[in-house]
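**Student:** Here are the chains, one letter per residue:
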Amino acid sequence: MLPADCSRRLVAELRDALDSCAQRQRQLERSLRVSRRLLRAWEPAETPVPEPTPGPETDEKVPSSAFTACSPSPQDLKELELLTQVLEKAVRVRKGISKAGGDKDPSVKSESLAASPATRASTRLRASGWTGSHASETKPPRGIRQTRVPAKDLSERRLVSVENPTSMGRGARAAKVEPRHRSQQIVPLAAPQAREVFTLKDKGILLQLPMAFRKAASQNSRLWAQLSSTHTSDSGDAATTAKNHFLQKMQTTSGWPSSRLSPAEVEAEVGRLRKACSLLRLRMGKELTADPKDWMQEYRCLLTLEGLQALVGQCLHRLQELRTAVVEQQLGPWPEGRLPRASSPCGGGADTIRSPPLLLYSSTQELQTLAALRLRVAMLNQQIHLEKVLMAELLPLVREQEPLGPPWLALCRAVHSLLCEGGERFLTILREDEPAD
Amino acid sequence: MGRRRRRRVDPADAARALPEAIAVLTRTLPTGPSPETFRRAKFDRPEAAPALWRLLFCVLSPMPADGASPSLALEAQARSVKAALRFQGYPRRALAQLPDDGSQGGRELLLALAWLLARGPTLEQLLAQSRVRLGDEMPVCECESLASPGPAVPSVEADGCVDTRHLQWLMGKLRFRWRKLMASQQEQCALLGKIHSYTRGCHSDRSLGHLSVTETELLRDPEGGQQDTVLGACPPEASQPAFLPEIPAQGAAELELVVRELQALQEELQAAVEPRRAAWEARVGGHGPEWSASRRALQEAVRQDLVALQWAWERGGGLTQPHEPHRLVRTEAGAPEGRGLQATEVIEVLRSREACLEVVLGQLQGQCQQELARLVGTLPGLIWIPPPGR
Chain A
21 MLPADCSRRL VAELRDALDS CAQRQRQLER SLRVSRRLLR AWEPAETPVP
71 EPTPGPETDE KVPSSAFTAC SPSPQDLKEL ELLTQVLEKA VRVRKGISKA
121 GGDKDPSVKS ESLAASPATR ASTRLRASGW TGSHASETKP PRGIRQTRVP
171 AKDLSERRLV SVENPTSMGR GARAAKVEPR HRSQQIVPLA APQAREVFTL
221 KDKGILLQLP MAFRKAASQN SRLWAQLSST HTSDSGDAAT TAKNHFLQKM
271 QTTSGWPSSR LSPAEVEAEV GRLRKACSLL RLRMGKELTA DPKDWMQEYR
321 CLLTLEGLQA LVGQCLHRLQ ELRTAVVEQQ LGPWPEGRLP RASSPCGGGA
371 DTIRSPPLLL YSSTQELQTL AALRLRVAML NQQIHLEKVL MAELLPLVRE
421 QEPLGPPWLA LCRAVHSLLC EGGERFLTIL REDEPAD
Chain B
515 MGRRRRRRVD PADAARALPE AIAVLTRTLP TGPSPETFRR AKFDRPEAAP
565 ALWRLLFCVL SPMPADGASP SLALEAQARS VKAALRFQGY PRRALAQLPD
615 DGSQGGRELL LALAWLLARG PTLEQLLAQS RVRLGDEMPV CECESLASPG
665 PAVPSVEADG CVDTRHLQWL MGKLRFRWRK LMASQQEQCA LLGKIHSYTR
715 GCHSDRSLGH LSVTETELLR DPEGGQQDTV LGACPPEASQ PAFLPEIPAQ
765 GAAELELVVR ELQALQEELQ AAVEPRRAAW EARVGGHGPE WSASRRALQE
815 AVRQDLVALQ WAWERGGGLT QPHEPHRLVR TEAGAPEGRG LQATEVIEVL
865 RSREACLEVV LGQLQGQCQQ ELARLVGTLP GLIWIPPPGR
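Chains as they are written, first to last, in the working numbering: chain A, 21 to 457; chain B, 515 to 904.
None of these hints come from the bench; they were simulated from the model.
Each hint should be verified, as a subset may be incorrect.
Cβ-to-Cβ under 8 Å is the rule here; a few derived chain B residues that face chain A [said to hold, decoys possible]: (1) V654; (2) L684; (3) W794; (4) L823; (5) L864; (6) E868; (7) V890.
SDA-like mimics (lysine to any residue), calculated; alpha carbons at most 20 Å apart, straight line [what the hints assert, rightly or not]: (8) K263/A - T273/A; (9) K556/B - R621/B; (10) K295/A - Q780/B; (11) K269/A - R621/B.
Residues from chain A that keep clear of chain B, each with C-beta distances beyond 10 Å, as calculated [as the list claims (entries may be wrong)]: (12) Q105; (13) K109; (14) R242.
We treat Cβ as the ideally placed atom computed from N, Cα and C, and that holds for glycine.
The shape of chain A in the complex, shown without the other chains (with noise of 0.2 Å):
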């Protein structure tokens, strides 16, 4: 058993560990159950899919609204009234576009769609074609819904909601009358299960954002381009020398030198050497395993040790320097103790002033790779941390204890394993005992 307080500390380093992973797989959790859901037919849920229990951490927000099934008739009769006007809109914007002959609209496969009747069949194949295989997903079109396709498909295109029109099964059948610019015929008011859903897979590129949303995101990067032009030019500006002097101002009615360097600042520079020694570790790593050919190298090897050692002095120096400073923090009278530790979000900084940047991929396999890395990386991270918290913690207990019976000995291994082999494996220890005669 381990005494006390090294078992609090290291149980809560360890749960510290399997917290933050646990975090990590419920917001996963959250956009795997969106990422499904987008990719299902579109059709409300009649029995909402069941939400995994949230784990017991509290700031979990259960997304509950996202699989309510659709609401009853006063809703459906509303968006049947919207579903109507949008109809009329594309139908006349459908005529203006086959007279105009096609405008550069990001659809060109409106102007296919727009052409003949015969198109209608290589549209369908074309979208099946783009994704394999589209009969496992929607019921088999039956004669009269052939034509009905295209139009139906014509409409989602210009709709803003790509709700399922047959939602609104219950009384607003009108919905499906609505292609009167072309096939004149009235399509039965179908059964339930003739229902035509909606799949990313198969129409999903027929999907266009709504024009408002365009309208509004072009505008949103407008302004932060300009928002970033103006932030660039304000060097030498009045307003810089004027923060400056009101920065000064603060500084001197403080009463404080002014040399003296913020936690945060502290911080930022404590890890800047905590990788400065990782980096220097690993040289010296590969300066000793390096095997010398001629006197050349071994100076080399030789003066970069040197100059390594150099080095972890001035760092060493530097933290002897923050250490009197965080001293004289501490005889500040603000109150003792508890200091916010990454106060500053990731992404913080000029940077953030443009549109983000992107990041291109060329197929699944490669974000895979690409996602699998940064945990494990990340994984990597979390590991050395608990190595090094686990050495600080273990260690002396062995080194400590004088009885070298198999107590100890028990212990010796239980230490080597986690700190040698990760906890997976053991070794074994045998005690030659003297024959016995």
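Here the structure of chain A is known, so what remains is to put chain B in place on it, guided by the hints.
**Tutor:** Chain B in isolation, oriented as in the chain A frame:
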């Protein structure tokens, strides 16, 4: 544009500019205090103080705006604001002397706000934090690795002594969680890939080409009542580590850790250098002038080498590591480059980082191995059989 205005600011302009500026501020700042609040705070009226404390709390803690974080009492917020300002190096003592209950201090808090705005791109950061992320974003830096997820809840069992077996069990549990995480992550990437390719050509912005999950969600459920699905959609990785002000100070402990590590490193280097230097000195002698020229050349080369190494930690990395999440965009292989960061590049960097970290971990484990062998080796009559697979 870069217009450099050198003319003096007209006082009349300035007088007009102030109310405008305050109006903009009230719209931009998180809790949206009214201009009247600012005015009252300027005169240090007590009724303005709580609003200012809350405002500073929102400004200083990078919490997501979706209200997922538990709301704290005014007193807790006030204490947290003081701590955060201290952390950033706020120079005035008067702030520390304000009562914790948040009943006073409007004027001082106004000064603090001004200080924050003057020091850095605070407004832009606030805007960037609260902006709606439309794309499927993936961070490209490592900042999120070790953040504590929430308030450090001391669990009940931790109060007693535990056995090493409990630790082993916890580590096994951790390994399992990572495996599960990896599997979920792969699935999510596969789904993302599908959504991106199914919506190819749909985006009005040509450079993006396809829709993101958020945008597709928008089309599926335009009613928008499901705020949480929009915000909960992707990114595949966590956006920001959750920050709650109760996390205890880590600074001093970390400093000591680093000092110890560097000291250990120093000892090892000394042990490596001394014999080599001695051996070298013994060999030197009796060489001609070309000797010293080559020596100088080597010295210079090593010096530059080490300077480059130093840059690696002082400037934060080799290639200018961008610090913000990037939007994932699926392209055809061989598409024109220059639009953004290529996944292949990031993969390269990550692989080398991975290799680096594996070496470090291996070194640490090796150190432990040696230490334990040394301690056990003092005992005669023991055979130490390492586990298979090593």
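**Student:** Are any of the numbered hints broken by this structure? If so, which, sorted upward?
**Tutor:** none
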